[in-house]
Structures are given as C-alpha cells and as structure tokens.
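Undergrad: Residue numbers (full-length UniProt numbering), protein chains in the order written: chain A, 1 to 375; chain B, 1 to 76.
Derived from the structure by calculation, the hints contain no laboratory data.
Don't take every hint at face value.
[Stated by the list, open to error] Straight-line Cα separation of at most 20 Å, SDA-like style, residue types lysine to any residue; simulated pairs:
no.	chain 1	residue 1	chain 2	residue 2
1	B	Lys-44	A	Ser-30
2	B	Lys-44	A	Leu-53
3	A	Lys-101	B	Thr-39
4	A	Lys-361	B	Glu-62
5	B	Lys-23	A	Lys-361
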Amino acid sequence: MTVKAMTAKEVTRKVFHKEELFILDVRNESDFLDWKIEGKNFDYLNIPYFELLDGVDRILEKLPSDKEILVVCAKEGSSVMVAEMLSEKGLNVSYLKGGMKAWSEHLEPVKVGELTDGGEIYQFVRIGKGCLSYMVISNGEAAIIDATRMTDIFLDFAKEKGAKITHVFDTHLHADHISGGRTMAKETGATYWLPPKDAMEVTFEYMPLEGGNVVTIGNTAIDIHALYSPGHTIGSTSLVVDGKFLLSGDILFINSIGRPDLAGKAEDWVTDLRESLYSRYRELSADLVVLPAHFMIMDELKEDGSVSEKLGTLFVNNHGLNIEDENEFRKLVTENLPPQPNAYQEIRKTNMGKMNPDLEKQREMEIGPNRCAVR
Amino acid sequence: MESTKILNVKGLACPMPIVKTKKAMNELHLGDVLEIHATDKGAKKDLTAWAKVSGHEMLKYEEDGEVLKFWMKKGN
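From just these sequences and the hints, can you work out the full model?
TA: Structure below.
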C-alpha cells in the first residue's frame, strides 16, 4: 500500500461537503485538545506518535476499515512515519501535507456576492483558524479587508482577476492573527486604513479609518462606508459595502458576539459593545448581509463553505443580540470567557509594529483557534 | 547538572528527536541521566509527555538561546 499526501485544500473540500473522514491525530494530547481539524462528519483518534515508536499493532483495531484515514501531526514528519507504519500493515492511509502548520495557513476563496456594477465580493476562509478576510473587486480595482499574513494568496488572486489593489483595511487591531494588511499595502502602493483609536501605539504610517469615511473602489463607485462600532476593541469599525454587505469585523458573528477583553479592558468596553450591537446596528437595514471576520464552529459554514447571514435574521437568532437585561449582558461578556487566543499580546504588538518576529515565530504565535467570540 | 551522556539532536525535526532519545535511553542503565540538546520547539511538550509514558523522569529543562536542553533520568 502506498502512502498519499492529502493537501489542506483537499481536506477543506471534505469539510465544506460534510464528507466522512477518520483523523488519526498523532500530536500530544494537550495540543489535540486545544485545537484540531473540525468537520461535521469527521471521527478522531488521538494517539501521540511517540507512543507508536514500537509499532502500530495496538491501534489497528481502533481504525475503521470503511472510512478514509488521514494521519495528522504538527508539521508532517511524524504523520509520515505513522502512515508508513500503517501502510506496512496493509492499510490505505494518507497524511496531511504540511501538518497543522499548513492547515492553519490554508485560505479558501469563496464568492459571497455580486455588486451593483458587476463587481464581486469574495470571502477568504481560513478554515483551520476560523478567520475570514474579504476582497471587494470592482472595475479593475480591489480592496482587501482584514487580511491574514499569507499575503501571496491575496496578491495572486487579485492578479488573476486583473484587479489592482488600491485600499487595504483592518477593521480593528487583531489579537488572534497577524495582519497582512500593512505588508500588502507596502508592496502594492495601496492605502492602509486602521482605526486611529486602535493605533495609538503603532510604529507606522496609516490612514485613519473613522466613522463617516467613504472609500470608492473602481470607477463606478462601489462605496465602502465606515461605521464606528467599538466594543471588541475601542477602535473597532464596521464597513458597509455597496449598501448591501455589513463587514462586522469582530463585533458581531453568526452565532456569537465579540469579546471585549482582549486588550485588557473588558469592564470598560462592555457599554460600547452593547451600544454598537443594540443601538448602532439596530439603525441599519435588516437586509444587510453580515460578513464577520471569524466563524467559530463548522456549522456556521454554508454548503459552499461561505459564512454569512442577513442582519435581520441575526437579530432574531443570535443569542448575544437578544439579552434584554444589561447586567445579564455584562455578565455574559465579562465572566466565564473562553481562554484567550494563543500569544494574543505578542500578536497585538506585532500588529502595532512593535515586534518583528520571523516567519517561524509568527506561525508558532498563531497556533490554535481564534477565540475572539463569546456566546 | 551531571549527565551520563549527551545527545545532540539539534536541527532535527519531529519525530527524530524522540526516536533518537528513545534509542539512546535503551543503551543507558537505570538511573543514568541523558542530556538532550534540541532545536525543534515541539520537542519540549513531546519529550516531557514521552518521558511520562515511558517511565523516565524529566529532571530539568532549560533554554539556551535557540537550544532546548533536557536532562532525563532513565526509569523502568
């Protein structure tokens, strides 16, 4: 039997299509419990590779004969070793090419809508980490919102579409992932926008993104309207694209809302968060399609892998938007919060330009899920 | 800290640091201390967890610049 490499892209397809897959995760138990490949119809067995050095006999009976088996580890090496051992026993197995490192970095572009002048808006699904970035394309120009650090993917995509990147936005100073916005703006000559209240300590030049700003992409005016919506961070700003799409950043998600504590100001920002969600968003059209900067669980993905919902629907279904009592709301967003994202303080410093870790360090800092929400 | 043997696995990626540690441990006697020098960041958690399941004792861990140093006492 031969051992095949399965790419992060192939696994992503299986997640989107809700296919079955048996994942033999050979990382240590704590890493597995912290973060793994999630799929609606995926089954798991976690046995660290270092417990299999003498052979795989003891796990053979735990492996299914009627399902595809994927061996997964942190960077690939150990999964190849275990896959080869299983192959020698006559099993047909694959290993994840590039391991969880590749899984964390994979981005899948999905078209989420059309714009009035024939332009398009794409969502880039970072499937392993739950981050969502956006590209608005209109008349040969492109804007990128909340880009991840894998800038080549955005640059190549824009090139393929024949679009010049003219504006790059970060809706807020990210704490869960390293932004590729500044790097991309530098490379393309695009304008880099960041909310000034989140940029107090940054070491670089930027254009202040403030409520009321209107930025036009393409000649026929696809407008991006900025809407100040503090709460996750003090500067958090939402964007309304083409009067149809609400890019809600880390303020509002599909099944959850933003957490206010990642800059260490939970108590201070609860009021802002409530004001943004319960007053400012209420004034917007219920027909706006909400495009958040994260998803939390795979159930939020639609058939095509995209993540979106009408604002009106979220006002009905999202628990975080339906808490009448202010004290109860305060409790929800300040108590019993999930653990903070891995290395979130270092990530914030990197996004401020105060730290310049090398690529290997950046990867390590971003390991794990995003954890920007509270339910 | 005194060690019986030093194992250099610098520059090696997972799973090699543990594969080599296991081999070196097999050649030592009960109570001997193996000093391991690694650069793979994953080695920290994995060697600690492996020591536990293999009955060895992790005596000490320190970082010397990029190098991770472990002292592991052979158990049963």
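Undergrad: Which hint numbers does the structure go against, in order from smallest to largest?
TA: 5
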